[in-house]
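Can you build the whole structure from these sequences, using the hints too?
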Amino acid sequence: MQKLLETFLIGLSTGSIYALMSIALVLVWRSTRVVNFAQAGQAMLSTYIGFEIATRTEIFWLALIIAIAAGALVGAGVDYFFMRVLFKHAVSGPAAVVAPVIATLGLLGLVRSIVGLVWGGEFKSIKAPASTDGFTIGETTLPFSPLNLLIIVTVFIILIALAIIFQRTNLGLSLRASAYAPEIAQLAGIRTARTRTIGWAIAGGVGGVAGMLNTASNFLSPYSLDLLLVFGFIAAVIGGLESMVGSVVGALILGIALTFILNYVGTSLVFIGGFVVLIAVLLLKPDGIMARGKVRRA
Amino acid sequence: MRKKLTLFILLGWILLLIGDRVDELRVYQGAQIAMYAIALSSIVLLTGYSGQVSLGNGAMMAVGGYAAALTLNNLGGPVWFAFVMAVFVSALFGAFLGAAAARLSGPYLAGTTLALAVGLPEIANQFDFLGGVPGLLFDVGFPPERLGEEFTQYKWFFWIATFLALLSLFITSNILQSRYGRTWRAIRSNSLAAELSGVHVGRMKILAFTISSAIAGLAGAVLAMTISLVAPGAYTLALSFALVTGAVLAGVSSLPGVVFGALILVAIPEVADVLATRWGGDENLNNYLPGLIVSVLLILSVIFTPNGPGEKLKSRHHKKG
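These protein sequence lines map, in sequence, to chains A and B.
Numbered per our numbering, the first sequence spans residues 1 to 298.
Numbered per our numbering, the second sequence spans residues 1001 to 1321.
Hints were generated in silico from the structure; no laboratory data involved.
Ideal Cβ positions, reconstructed from N, Cα and C, are used throughout, including at glycine.
One thing to keep in mind: the hints can contain errors.
[Stated by the list, open to error] Selected chain A positions facing chain B (in silico; Cβ < 8 Å):
| hint | residue |
| --- | --- |
| 1 | G120 |
| 2 | I164 |
| 3 | Y180 |
| 4 | D226 |
[To be verified] A few chain A positions that, by computed beta-carbon distances, are all more than 12 Å from chain B:
| hint | residue |
| --- | --- |
| 5 | G41 |
| 6 | W61 |
| 7 | H89 |
| 8 | P129 |
| 9 | F135 |
| 10 | E139 |
| 11 | T141 |
| 12 | L142 |
| 13 | L149 |
| 14 | I157 |
| 15 | I160 |
| 16 | Q167 |
| 17 | A188 |
| 18 | A257 |
| 19 | I272 |
Here it is as structure tokens:
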């Protein structure tokens, strides 16, 4: 019973990091119709910047805020200097459909190489803002640590902030409008291109938090966020790739499911488990768990 | 058909003559070019013709490599049988995956295959019979004695790789010019219209995935041969990246282009090595410069000539005419 509860709580903490990554992917997908594989690279770059701040000042929260700002700046930059150019060369021919997604892949490779050139390939770590030793109840020490709790709380606060931005502000309204019907939004006087760049910036900031939190409980290397990207994508697919709420639910389900596999079956099956979930969702509920009978794809 | 066969045999003969006249390193690189050409042709068939993106061709190659090594190490038998098994097993794997992939559109397929490319090496790490991190040996043996004592191991690799590349390119080019190639192009251009014309879109997509995986598996076995082992470190995400870059540079829908793409992929580490040495040669530069060049090439080509450099020339020609 105790193991069951622990597994659930740790899964919740893992899943909440996936949630941030999947929200970043969903935000970009809704506004640009591209699955932004470079998100892992953007998050990595902002986390390395956060790492520099964290090692110099030893204040994790300052590093986190700088990482968010860096992530937002990088995200906006990618859209402004890169995606706009890409779409201006709007192409026809066999590669037209696949060009944007391949371009984000190239961007991921570019950021990875630059990070590798500057910081090298060795593992870095950021001192966690809370203890990683488990809580002690009575005589037993749980694997669930204050850090895990802190991750859940931080992600929860960020989700609330996002919900307020999207539901209660004019910016949120124009973000939703330009994602839902860009032409009509434009006719209504929304600068859709600029709104899209802001959407990329928000996604970049959220990705930066995901990178920082992942690194606080793990380590940082030019490859350390690849799995986070994959699990974030799977979570987004579970939620239907359109819905932010869906992707958060998907991420929590995935995090808990994978932690159960880890604790009860073994490490060897964690990735296979995630892949099986992905294939199963794609075959059984291709529009995601939040779909309401609306068919989006042929 | 007969003309093409003659052409391929002539090409092979010329390559053999060249192989006799250059040094060991170039011969080895020749084998690598042949390997990349096979791998790129699998992407051309899948993406350029049937219009399905796969970012995980490195994973398909891993399946072929492991299948070949497991066959040779456990069942013994002639080397060619290991290559046949590599093709067979990866085709089977591709058919299974294709059944899921045929129902997916662009972003879903791209993400799923990327997940595979990230995850498959991790999986290979976890199971003992796959040899873990050090991997499995894959030794195709010494060249036959009747070729003489001068005949080196690398030249033997080159012969095998070139033969397999020419064979697979010949078969692929015939497939692409057949009814199937036409049907795939129809699906890529407009799958709804193809369906209305009586094409089984799903079935044809699965077929493309299967054949493409089989070719990629062969490339994986050839790669395993040139480095004499299969290990997770050989089939990384970086390999999948490089293959996508090579395919875009080759012009995704041009089969002859794969030779050009393969040449560039083999040249990049060489160029990076020269540059890294000139710029001081520290460790990071050596490790990350090749990746930097690959990514920059990929980004530039996908923005400016997404259908390959050849297409740009062709369309300019058309405009003038």
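Going down the list of hints, with the structure as the test:
A least Cβ separation of about 5 Å between G120(A) and chain B falls short of the 8 Å threshold, and the interface hint therefore holds. Below 8 Å, beta-carbon pairs count as interface contacts, and I164(A) has none with chain B, the closest being about 29 Å; its hint is therefore violated. Annotation: interface hint on Y180(A) violated; nearest CB of chain B at approximately 18 Å, more than 8 Å. The criterion of a C-beta within 8 Å of any C-beta in chain B is met by D226(A), whose closest approach is roughly 5 Å, and the hint holds.
Not every Cβ of chain B is farther than 12 Å from the Cβ of G41(A); the closest lies at roughly 10 Å, contradicting the non-interface assignment. For W61(A), the requirement that its beta carbon stay farther than 12 Å from each beta carbon of chain B is met, with the minimum near 30 Å. Once the 12 Å rule is applied to beta carbons, H89(A) is inconsistent with being away from chain B; the minimum gap is 6 Å. For P129(A), the shortest C-beta to C-beta distance to chain B comes to about 29 Å, beyond the 12 Å cut-off, and the non-interface label holds.
The beta carbon of F135(A) sits about 30 Å from the closest Cβ of chain B, which is more than 12 Å, so the claim that it is off the interface holds. Residue-level check passed: E139(A) sits 35 Å from the nearest beta carbon of chain B, beyond 12 Å. Chain B leaves T141(A) outside its interface by the beta-carbon criterion, the shortest separation being 28 Å against a cut-off of 12 Å. Distance check on L142(A): its Cβ is at least 27 Å (rounded) from any Cβ of chain B, clearing the 12 Å threshold; non-interface status holds.
The claim that L149(A) is not at the interface with chain B holds, since no C-beta of that chain comes within 12 Å of its own (minimum 29 Å). In this structure I157(A) is separated from chain B by more than 12 Å, as the shortest Cβ-Cβ distance comes to about 28 Å. In this structure I160(A) is separated from chain B by more than 12 Å, as the shortest Cβ-Cβ distance comes to about 28 Å. The Cβ of Q167(A) lies farther than 12 Å from every Cβ of chain B, with a closest approach of about 26 Å, so its non-interface assignment holds.
With a cut of 12 Å on Cβ distances, A188(A) stays outside the contact zone with chain B, its closest approach being about 28 Å. Consistency note on A257(A): stated as away from chain B, and its beta-carbon is indeed over 12 Å from all of that chain's, at 15 Å minimum. Not every C-beta of chain B lies more than 12 Å from that of I272(A), the closest at about 6 Å, which undercuts listing it as non-interface.
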